Amino acid sequence: MKPKIKDIEINLEDFNAMIASLESILAHRKKRPTTKSAELFYEHQINYYKDIRDAKKNGKLFVLHSAFAPVEILYAFDVIPAHASFLVGAIAQLTKKQGEYMDASSRFGYPWEVCQGHRPVVGGALLKKAPKPDLCISVQIGCTNAASSTMGLARAYNIPIYYLDMSYGGKREVDFAYYIENLTELIKFLEGFTGKKFDWNRLREIIDIERQIAEINLEIMEMRKVVPSPVRHRGFTQQYSVDMFTPGIPEALNFFKCVRDEIKENVEKRQGPIDTPERYRILSILMPPNFSHKLLDWMEEEHGIFSVGEPHMAYWPPNIKLDPDHPLESLANKYYNRPMVAQLICPAQACLIPDTIQLAKDYKADGAIFYANVTCHTSPVLIRSVKDTLLETAGIPTLVLDMDVADPNYTSQEEMQERIETFMEIMESYKDKRRREGKIS
Amino acid sequence: MAVAGIDIGHRSIKLVIVENGKILSKKVLNSSEETNTLAKKILDQTLGEIGLAPSHLEFITSTGGMGKNISFTNLYRTVAYCLAKGVHGLFPKARTIIDMGGETCNVVKLNERGEIEDTQSNDKCAAGTGIFFETMAKLLGTSLEDMGRWALKGDVQFEISSMCVMFAEQEVISHCHENPDISAEALSAGIHLSIAERVAGLAKRLGITEEVVVTGGVAKNPGFVKFLGERINALPKVPEDPQIVAAYGAALIAEERKKNLQRDRKAG
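These protein sequence lines are chains L and H, in that order. Residue numbers for the first sequence follow the numbering used here, beginning at 1 and rising by one. Residue numbers for the second sequence follow the numbering used here, beginning at 1001 and rising by one.
A couple of the hints might just be wrong.
[Stated by the list, open to error] In the SDA-like style, the derived pairs of lysine to any residue whose C-alpha atoms are separated by at most 20 Å in a straight line are:
(1) LYS387(L) x LYS1204(H)
(2) LYS387(L) x GLU1117(H)
(3) LYS433(L) x ARG1095(H)
(4) LYS387(L) x SER1121(H)
(5) LYS1068(H) x GLU418(L)
(6) LYS1068(H) x GLU425(L)
(7) LYS433(L) x GLU1112(H)
(8) LYS1093(H) x SER429(L)
(9) LYS36(L) x GLU262(L)
(10) LYS1068(H) x HIS303(L)
(11) LYS1204(H) x LEU382(L)
(12) LYS387(L) x GLN1120(H)
(13) LYS1204(H) x ASP388(L)
(14) LYS433(L) x ARG1113(H)
(15) LYS387(L) x THR1209(H)
(16) LYS1068(H) x SER412(L)
(17) LYS431(L) x GLY1114(H)
(18) LYS1204(H) x THR389(L)
(19) LYS1204(H) x ASP402(L)
(20) LYS439(L) x ASN1111(H)
(21) LYS1068(H) x GLU302(L)
(22) LYS431(L) x ARG1095(H)
(23) LYS433(L) x ASN1111(H)
(24) LYS431(L) x ARG1113(H)
(25) LYS1204(H) x LEU391(L)
(26) LYS1068(H) x ARG419(L)
(27) LYS1068(H) x TRP298(L)
(28) LYS439(L) x ARG1113(H)
(29) LYS387(L) x ASN1111(H)
(30) LYS439(L) x GLU1117(H)
(31) LYS431(L) x GLU1117(H)
(32) LYS433(L) x GLY1114(H)
(33) LYS387(L) x GLY1207(H)
(34) LYS1204(H) x SER385(L)
(35) LYS1068(H) x GLN413(L)
(36) LYS1204(H) x VAL381(L)
(37) LYS433(L) x LYS1093(H)
(38) LYS431(L) x ASN1111(H)
Rather than coming from a laboratory, the hints here were simulated on the basis of the structure. The structure presented is a predicted model; accordingly, all values stated were derived computationally and were not measured.
I would like the entire structure built from these sequences, with the hints used as guidance.
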C-alpha cells in the first residue's frame, strides 16, 4: 500500500544534491572565470538555499511563497522566505528529476495542462523534497497556476496558507490603497504567527537598499542602449532571480553593483561581453526555457544575437518611487509597476505593450522573441497584440517560440534553434527593408 | 561547375543539381536512419547518371529536418529560407507558401523580394502532414493517389473533429459503422476537408496573401489542394514537382555562394 502523503518523511537528499551541484558550478566558474557577477550569482544562490535548509537549526521560521509575494516584509520579520516554484523547480532541474516530480504531481491530480513551471512544486512537495515550511503565502493574481500550486503545496505539507490579494485594474490610487490595506493585514497576521512585533525600521532599511538597486537598474538600462550590447544574454535571468527572490538584502545590492561595474567597463571600452560580434539586437519577452539557458549562449556565441531588453523581466520602469519613509506605499508602487506583475493586474495596453514598444525603439531592437509557454494560462493572450503592435509601430518582427518552460519534450533545444535560425532570416529581411527606407544605416 | 541542394526530411531525401540556373537532375528517395551515408550515395549516383564527377560540384547546400547532420555539404540553411528561395525562383509573385511534408507543415509569408516576412509551423501533430494521409489511405485500403482522386468526386457528409491521427482513425471507423453505405469517395472527401480546414487555420494566422503556392509531398494530392483552395479562398499554385522545391532553393543558394566565391577569387 502506498503511504499517505502525511506519512511521507522529508527527504533532503535531492535538496543537498542541488546545493552540491551549484557548488560545483561555482567551483568551475572560479577555475575558469567569466565575470565576477556570475560567481556572485552562484554564491548568492547557494546561500539562499542553505538558509532555507538550515532555517530550523538556526531557530528561524521558513515561509514558502508564490511569485510576487512581498518578500521584504518577510525579511523584516527575520523569517526565511523561499519562492516555491523557483525552489522546487531548481531542485528538480539541477538533480534532473523533473519527470519524477511531474509524475507525482499528476498522481495528485495536477495534469499536464497545469503550467510546468508550477507543477513540479506540487510534485516536489508531495515527495517532501524540500524542508517543511511553517507557512505558505499565496498571492492572488492573474496567474492561476501559481495560486493552484501553492494550495497543493500547503495541503501536501499540511501547513497554513495565507492569501494576499492584489486587485485587477491597473496602477490606480484605489488599487494601491487596497494593496496597502492588505499588506497591513498581512503584517498583523504575521505578528500573531511569529509572536514578534514588526520591525518597521528594518523594513525601511530594506526599502532603502531596494531604492539603491532600482537606481542601479536605471543606470544599467541606460548603458544597455549602447551598441554593441555590453551585456550577456543570460545576465537578465540572473538579475531577475536576485531581484525578485531576494529583494532589499545587502548581497543583492552588491551583486547589482558588480553587474553595473562590469557593464560600465564594457561600455567604456565600446566592447561586447564576448568575442562574437553583435549581429542582431532582440527583445526577450517572458521567460526563456529554464531547461536550456544554453540556448541563450548559443544565440550569442553562434549567431551574435543579443538580448537588449526584457519588457517582462529585468525591466525597471523609471516611475517606481521607493521611499524608506513610506515603506508600504513603496511596496505597492513596486509590485504594481514591475512588468511581470503589471501584465497580470492591468490591461496590456496600459503597461506591457507601451513598455515593449518604447524598449524596441530606445534599444534599437531588430526583433523580439516571445517565449510562449504552452501551459501558461495568462500570457498567450498577449501574443497577437504584442506581435502586431511591434510590427506596426516599431517595424520589427516577433518570433513566437512555442515551448514548455520546464519540459524539453515539448520543444527541444534543437527545434528552437531551427526556428531561431529561420527568424534570423526574417530579421535580416526587415533590416534590409529599414535600410532601404533609410531608417537604419 | 555545378552546385547541389539537398533537402533531408524525416521521410525522404530530395536532391537537385543545378548549373547556371538550369536543373540538370532531380531526385526524391525515401530516407532511412543513415541519412548521411544515403545522401552521399544518392548524390554520387545522380552525378554518375548525368556524367559528372563529384569534383564537378563546386558548392552544396543542405536543408531539412535532418539536413544539419550532413558532413559533406558546405552550408546548411533552414527549410523556410530554402522554400522561399525555391518558390520565388519558380513563382516570383508568390506571397504565401504552404508546405506540407512527411511530418511537418510550414506556412511562410513572403514579401515582393521573395524574403521571408513571417512563418508558422505545425511540427507537434500529424494533422496536415503526409503521414496523416498515409494512415488514412491505409485505413481505406487504397493508395494515396486514389484517395486524392476519390476526394474530388465525393460529397462531404462529415468532418473529422479529432486531428490526432489515432483518434481520427477511430472517428472514420465510427462513421463507417454509423453509415455502412457511405462511399469511399465521401469518406475521402470528409478526410480531406477536415485536414484542409486545419491547415487553412494555420495559414490564416499569418494572413493569406496571393499568390499562394503549395509545396511538399502532400501538394501532389489534387483533392487536398482543391479543398485547401476553398478554405483559404484562393487558387493555390502547385509546382511541377512540389517535393523538390526546398532542395531547388538550396541549390539556388549554392549558386549564389558559388558566384560570391568566384568573385572573391577574382578580387584576389
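Status of each hint after checking the structure:
1. About 15 Å separates the Cα atoms of LYS387(L) and LYS1204(H), which keeps this hinted pair within 20 Å; it holds.
2. For a cut-off of 20 Å, the pair hint linking LYS387(L) to GLU1117(H) stands: about 13 Å separates their Cα positions.
3. The hinted pair formed by LYS433(L) and ARG1095(H) meets the criterion: a straight-line CA distance of about 16 Å does not exceed 20 Å.
4. Pair hint LYS387(L) plus SER1121(H) holds up; C-alpha atoms about 16 Å apart against a cutoff of 20 Å.
5. A hinted pair counts as satisfied when its Cα atoms are at most 20 Å apart, and LYS1068(H) with GLU418(L) qualifies at roughly 10 Å.
6. At most 20 Å may separate the alpha-carbon atoms for a hinted pair to count; LYS1068(H) and GLU425(L) meet this at roughly 17 Å.
7. A C-alpha spacing of about 11 Å is found between LYS433(L) and GLU1112(H), which places the hinted pair at or below 20 Å, so the restraint holds.
8. The straight-line distance between the Cα atoms of LYS1093(H) and SER429(L) is roughly 17 Å, inside the 20 Å bound, and the hint therefore holds.
9. Restraint check for LYS36(L) and GLU262(L): the C-alpha separation of about 8 Å stays at or below 20 Å, so the hint holds.
10. A C-alpha spacing of about 16 Å is found between LYS1068(H) and HIS303(L), which places the hinted pair at or below 20 Å, so the restraint holds.
11. The hinted pair formed by LYS1204(H) and LEU382(L) meets the criterion: a straight-line CA distance of about 18 Å does not exceed 20 Å.
12. For the hint linking LYS387(L) to GLN1120(H), the alpha-carbon distance of about 13 Å falls within 20 Å, and the restraint holds.
13. Between LYS1204(H) and ASP388(L) the alpha-carbon distance is near 14 Å, which keeps this suggested pair within the 20 Å criterion.
14. Taking the CA atoms of LYS433(L) and ARG1113(H), the gap is about 10 Å. The hint holds against a cut of 20 Å.
15. For the suggested pair LYS387(L) and THR1209(H), the alpha carbons sit about 19 Å apart, so the restraint of at most 20 Å is met.
16. With a CA separation close to 15 Å, the supplied pair LYS1068(H) and SER412(L) stays within the 20 Å bound.
17. For a cut-off of 20 Å, the pair hint linking LYS431(L) to GLY1114(H) stands: about 14 Å separates their Cα positions.
18. A distance of roughly 18 Å separates the Cα atoms of LYS1204(H) and THR389(L); the hinted pair therefore holds under the 20 Å criterion.
19. Straight-line distance between C-alpha atoms of LYS1204(H) and ASP402(L) comes to about 18 Å, which keeps the hinted pair within the 20 Å bound.
20. With a C-alpha separation of about 18 Å, the suggested pairing of LYS439(L) with ASN1111(H) holds against the 20 Å cut-off.
21. For the given pair, LYS1068(H) sits about 15 Å from GLU302(L) by alpha-carbon distance, which is consistent with the 20 Å threshold.
22. Annotation: proposed proximity of LYS431(L) to ARG1095(H) holds, straight-line Cα distance about 19 Å (limit 20 Å).
23. Our distance criterion of 20 Å between C-alpha atoms is met by LYS433(L) and ASN1111(H), whose separation comes to about 10 Å.
24. Of the supplied pair hints, the one linking LYS431(L) and ARG1113(H) holds, its CA atoms being roughly 13 Å apart against a limit of 20 Å.
25. A C-alpha spacing of about 17 Å is found between LYS1204(H) and LEU391(L), which places the hinted pair at or below 20 Å, so the restraint holds.
26. For the suggested pair LYS1068(H) and ARG419(L), the alpha carbons sit about 13 Å apart, so the restraint of at most 20 Å is met.
27. For a cut-off of 20 Å, the pair hint linking LYS1068(H) to TRP298(L) stands: about 16 Å separates their Cα positions.
28. Restraint check for LYS439(L) and ARG1113(H): the C-alpha separation of about 19 Å stays at or below 20 Å, so the hint holds.
29. Straight-line distance between C-alpha atoms of LYS387(L) and ASN1111(H) comes to about 18 Å, which keeps the hinted pair within the 20 Å bound.
30. Distance hint between LYS439(L) and GLU1117(H) is fulfilled; the C-alpha atoms sit about 18 Å from each other, no more than 20 Å.
31. Restraint check for LYS431(L) and GLU1117(H): satisfied, since their Cα atoms lie roughly 11 Å apart, inside the 20 Å limit.
32. Our distance criterion of 20 Å between C-alpha atoms is met by LYS433(L) and GLY1114(H), whose separation comes to about 12 Å.
33. Of the supplied pair hints, the one linking LYS387(L) and GLY1207(H) holds, its CA atoms being roughly 14 Å apart against a limit of 20 Å.
34. Of the pairs offered as hints, the one joining LYS1204(H) and SER385(L) holds, with about 16 Å between alpha carbons and a cut-off of 20 Å not exceeded.
35. Note on LYS1068(H) and GLN413(L): the hinted pairing holds, with a Cα-Cα distance of about 14 Å set against a maximum of 20 Å.
36. The suggested pairing of LYS1204(H) with VAL381(L) holds, with an alpha-carbon distance near 17 Å, which does not exceed 20 Å.
37. At roughly 18 Å between alpha-carbon atoms, LYS433(L) and LYS1093(H) fall within 20 Å of each other, so this suggested pair holds.
38. The suggested pairing of LYS431(L) with ASN1111(H) holds, with an alpha-carbon distance near 13 Å, which does not exceed 20 Å.
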